[in-house]
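Given only the sequences and the hints, what does the whole structure look like? Please build it.
Chains as they are written, first to last, in our numbering: chain L, 139 to 571; chain D, 139 to 571.
Hints listed in this document are in silico derivations from the structure and should not be mistaken for laboratory results.
If a hint is listed, it holds; no wrong ones were tucked in.
Using 20 angstroms as the maximum straight-line C-alpha spacing, the simulated EDC-like pairs for lysine to aspartate or glutamate come out as follows: (1) D:K489 / L:D169; (2) D:K347 / D:E369; (3) L:K256 / D:E537; (4) L:K176 / D:D481.
The primary structure of each chain is shown beneath.
2 protein chains.
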Amino acid sequence: MSHSSSLEREGSSTELEIEKIITDIARSSRDSSRALAKASTSAKNGSLIAMADGLLKESDYILEENKKDLEGLDTTNLTGAYLDRLTLTPQRIDAMADGLREVAALGDPVGEVLRMWKRPNGLLVGKMRIPLGVVGIIYEARPNVTADAAGICVKAGNSVILRGGSDSIRSNRAIGEILRGALESFDIPADAVNIVPITDRVAVTYMLKLEDYIDLIIPRGGEGLIRFVSENSRIPVLKHYKGVCHVFVDESADLKTALEISVNAKVQRPGVCNAMETLLVHRNISRSFLPLVIAKLREEGVELRGCEHTTQIDPDVVPATEQDWYEEYLDLILSIKVVESIDDAVRHIEKYGTMHTESIVTSDYSNSQKFLNSVNSSTVMVNASTRFSDGFELGLGAEIGISTSKLHAFGPMGVEELTSTKFIIYGQGQVRN
Amino acid sequence: MSHSSSLEREGSSTELEIEKIITDIARSSRDSSRALAKASTSAKNGSLIAMADGLLKESDYILEENKKDLEGLDTTNLTGAYLDRLTLTPQRIDAMADGLREVAALGDPVGEVLRMWKRPNGLLVGKMRIPLGVVGIIYEARPNVTADAAGICVKAGNSVILRGGSDSIRSNRAIGEILRGALESFDIPADAVNIVPITDRVAVTYMLKLEDYIDLIIPRGGEGLIRFVSENSRIPVLKHYKGVCHVFVDESADLKTALEISVNAKVQRPGVCNAMETLLVHRNISRSFLPLVIAKLREEGVELRGCEHTTQIDPDVVPATEQDWYEEYLDLILSIKVVESIDDAVRHIEKYGTMHTESIVTSDYSNSQKFLNSVNSSTVMVNASTRFSDGFELGLGAEIGISTSKLHAFGPMGVEELTSTKFIIYGQGQVRN
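Pasting the structure below:
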């Protein structure tokens with residue numbers, strides 16, 4: 139037998155082993171999810187608090203394992219920002235613990251009956267929230283996702299399968315051990331939280347095919363990871379590609395409010411998905427508003443790229459290309475466009491936007507309603523900064539991601555968005571004619 | 139150039155043409171969906187009523203086209219039931235028209251605000267229902283689906299792409315023409331309802347890849363069609379494989395109620411997904427209840443397959459195999475199992491059930507609650523026949539399908555389930571710190 143054929147056999151046998159390991163994990167997750175679905179609110183909350191306590195108590199151990207992860211890396215091609223995301227500190231462990239306590243303090247969505255109605259034949263029909271079942275999280279560097287995502291999933295009664303990147307595998311396993319121990323101390327199966335021990339990407343490929351065991355996949359990471367997951371998954375995927383968010387300053391806007399919101403939306407934290415990328419300004423106030431906002435943005439170090447009208451008002455603004463209107467800069471760069479009307483602004487958003495977050499600044503009642511009703515992005519605002527578009531700021535308590543696809547959940551997702559509903563019916567012996 | 143290579147080129151050119159036609163349809167559907175999303179309730183309802191009027195007025199034309207469909211068929215391998223599903227009659231056209239009028243009479247889900255809450259910084263945050271966008275329906279023989287599905291989609295503000303089977307293409311096109319004309323008379327773009335003119339299956343394959351234009355795919359037909367669609371789709375699919383529904387007769391059940399519900403759930407219409415397939419009976423009442431229900435079911439012509447305990451009580455019951463507990467008979471056949479407890483019943487449902495519909499017959503308060511809370515099928519009932527599990531009977535008004543996957547919608551789906559929600563925010567100039 140040739141060397142290459144023997145290698146092939148070895149390869150396929152390893153892949154078979156990986157498939158078996160992943161399938162076993164998924165099956166045990168499904169089985170555990172049934173016990174977790176029936177767990178009491180106090181058992182779930184108790185285990186979340188025990189998780190927080192455990193992380194603090196074992197922080198030396200977690201930091202040691204994180205150090206081993208970092209020491210094992212070939213850092214030649216890694217950026218400082220990437221290494222920063224990988225690195226755990228006592229402060230970051232505190233933040234994970236705080237996050238788990240906050241999730242424990244939220245209301246339990248499971249078992250909540252949304253509404254009930256009575257049918258002419260006397261049947262009382264309602265919709266009751268139930269867990270989704272098993273959620274798979276596929277993520278990259280950040281080891282804090284292990285605790286954050288597990289906490290939200292457990293609260294909503296879901297088992298979670300956590301498949302982090304190879305660069306943080308030791309950290310993830312250390313955190314996972316603590317989370318699993320906390321579940322067991324409240325008689326919830328440890329397998330309600332599973333850490334995938336295999337860092338080979340083929341493990342992800344197998345995971346994405348286990349539609350009989352896993353109900354939802356949430357990829358968290360760069361666009362490449364998200365595309366890979368959504369193209370290879372047979373399981374529904376909740377994804378978030380990017381956020382090209384707009385602020386539209388209407389002709390009736392209060393200029394001071396418009397200035398504050400525009401600057402805040404751009405500069406308060408430019409590297410995140412809910413930062414403004416394009417400013418739309420009504421032509422009728424462009425000559426009064428643009429000089430103000432341009433001066434202030436320049437002061438904040440923002441590079442400006444404008445439409446023809448904008449560059450006429452301020453010749454130092456770089457002319458924007460067609461591509462600029464599609465761009466998610468995630469940086470101190472802003473494109474500016476003067477529009478003819480609110481309808482023109484809505485058309486621009488429909489063409490170039492990503493359905494993430496848009497805000498109108500206006501003093502006109504009818505335009506506020508028109509914008510709220512005709513823009514179908516996941517978050518639509520009147521007179522507020524786009525930076526409020528996240529789970530915590532909207533009052534969801536904790537966020538597992540922001541969905542830009544409209545199926546199941548649209549926009550920031552909290553514990554409620556990790557549930558489904560079943561119909562419940564109270565009858566008195568009714569049969570169908 | 140060889141004959142075969144010329145054929146290949148012709149083949150691939152045709153596929154390219156098909157891809158272009160499908161992509162153009164999807165793009166025009168997406169564009170029309172934006173206009174439809176903003177359409178007033180009265181325009182949508184007016185067009186639905188005009189559709190109903192149009193179907194009646196043009197019924198001769200529809201029947202003629204349907205006749206051409208039927209005449210063109212090679213009926214050698216077609217069953218009578220299949221031909222019946224293909225055939226339109228004046229009564230069936232009346233039923234389509236009635237269905238559209240009923241959908242017009244439903245409340246408009248679009249723009250409904252589910253709830254609003256206030257944040258500490260004064261932001262008023264709410265969730266508003268919005269259309270999904272574009273819905274693709276992939277179906278087989280029944281031409282009535284063309285009108286039924288289009289009506290529900292339009293009501294929820296969604297464009298619809300209807301891809302029916304080749305055997306009913308003329309009927310579907312005739313119905314589609316009438317629906318489109320009705321939309322135009324209310325200034326809604328005709329392309330909000332598109333009939334795919336290509337019957338080649340490759341058209342479906344292309345359609346399933348257009349995730350940028352189509353938001354949801356609903357396959358309606360046999361298990362083969364549904365599996366093909368869900369394995370090939372990049373777009374979320376709402377699917378319904380099968381319904382193995384259970385009735386559990388608890389030890390505290392009123393025997394008369396249990397008898398009526400069991401018989402109704404099995405025999406009232408055995409060929410549908412919400413009919414009972416397995417009867418679970420508590421051991422403590424098996425000797426009193428089983429003889430009653432077996433006699434009555436036999437009288438109704440039901441073939442019975444039972445567990446060992448059941449065959450001991452009635453030796454004429456055929457012994458059930460392991461496979462029987464998984465079976466969706468869709469026929470006058472029933473499997474019967476005696477269980478030790480309510481927990482045993484729940485375990486049986488978890489193992490063999492399909493998460494469709496289950497009912498408990500009981501007089502015990504605590505067991506009714508236990509069953510409602512621990513069984514997470516899409517519809518869970520107390521003291522009612524499983525046959526009530528459909529959109530009309532539950533009060534949803536009209537149904538586009540029954541989802542057995544928990545993402546987005548679970549159970550019977552009406553117009554509300556064809557919507558998503560966006561967050562809306564009323565601010566007074568808030569910026570983020």
